[in-house]
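Chemist: What follows is the residue order along each chain.
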Amino acid sequence: MKIVALCGVGIGTSAILKVNAERALERLDIEADVTAADIASVKLAAADAQVILTSSELVPSIGKTNADVIIIDNFFDLDELTAKLETALG
Amino acid sequence: MSLPPLPLDAIDVGLHVPDWRAAVGAAGAALERSGSTGPGYTERMVGVIEEFGAYVVIAPGLALAHARPGPDVLTEGLSVVTLAEPVAFGHPHNDPVNVILGLAVTTGDEHVHFVAELANVFNDASIIPALAAAPDAASVRSLLGITAPNGEDASTEESS
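Taken in order, these protein sequences are the chains called B and R.
Under UniProt numbering, the letters of the first sequence match residues 1 to 90, in that order.
Under UniProt numbering, the letters of the second sequence match residues 1 to 160, in that order.
The hints are simulated quantities; they were obtained by calculation from the structure and are not laboratory data.
As the structure is a computational prediction, the values presented were derived from the model and not from experiment.
Incorrect hints may have been included.
Said to hold, decoys possible - Computed footprint of chain R on chain B; a stretch qualifies when at least three of its residues, placed anywhere within it, have a C-beta under 8 Å from a C-beta of chain R:
(1) 5-14
(2) 51-57
(3) 68-80
Think of the CB as a built atom: it goes at the ideal place given N, C-alpha and C, for glycine as much as any other residue.
All chains should be modelled from the sequences, with the hints used to inform the complete structure.
Modeler: Dropping the structure here:
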């Protein structure tokens with residue numbers, strides 16, 4: 001299982017999303033590899049990913065992908081992340 | 001791993017700004033004032049939002065302004081700006097914004113060390129309204145759980 005946390009430049013928000021996604025996955029007792037990526041590298045990073053986590057603002061930049069794109073409104077809300085990951089992966 | 005140092009001059013409380021550009025500009029000015037960044041970094045933070053949109057508004061009321069590492073980042077740093085009146089960044093869910101964090105890192109790796117700590121602080125949903133309501137820079141710093149940098153005069157903190 002591979003999950004990509006996506007942000008514009010790959011250093012700020014994607015790292016926060018990665019940390020909190022890992023915490024949500026731990027709650028769900030799901031094993032997954034979470035990778036932080038930026039728009040420039042998403043094609044490669046998400047080639048074999050099941051899920052892309054990102055902000056609604058960045059969805060148009062992702063382009064075609066086989067992964068499920070999950071929009072996260074509040075990157076710090078573990079309840080939102082847990083619920084959305086559970087829906088996507090359950 | 002702890003958050004980067006947050007000198008009091010990296011904090012600006014209760015600013016009046018007309019729009020998101022000025023808000024990001026204030027976060028950039030605070031980074032520059034505290035010695036973390038040089039000229040140009042602020043414009044690069046604005047450029048990230050121009051290019052990718054308001055995704056930096058990562059929680060209700062909170063923007064994390066940042067740009068890639070570069071020669072204009074002198075040392076890793078954090079700044080905090082709170083606004084007297086919130087401004088819109090154009091985010092569909094999390095506008096309006098009244099707390100802006102400015103972030104500067106020298107390498108991607110370095111950043112990841114303290115991002116977990118940042119997440120710890122902000123996983124508590126009450127922190128953003130508390131920061132927005134903080135009366136002064138010392139209160140902001142104590143809400144974030146950051147101690148004064150070495151060598152900073154304790155009396156400065158009390159009087160600010």
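Chemist: Does each hint fit the structure? Answer for all of them.
Modeler: Now the hints, each set against the structure:
no.: 1; hint: 5-14; result: holds (count 7)
no.: 2; hint: 51-57; result: holds (count 4)
no.: 3; hint: 68-80; result: holds (count 6)
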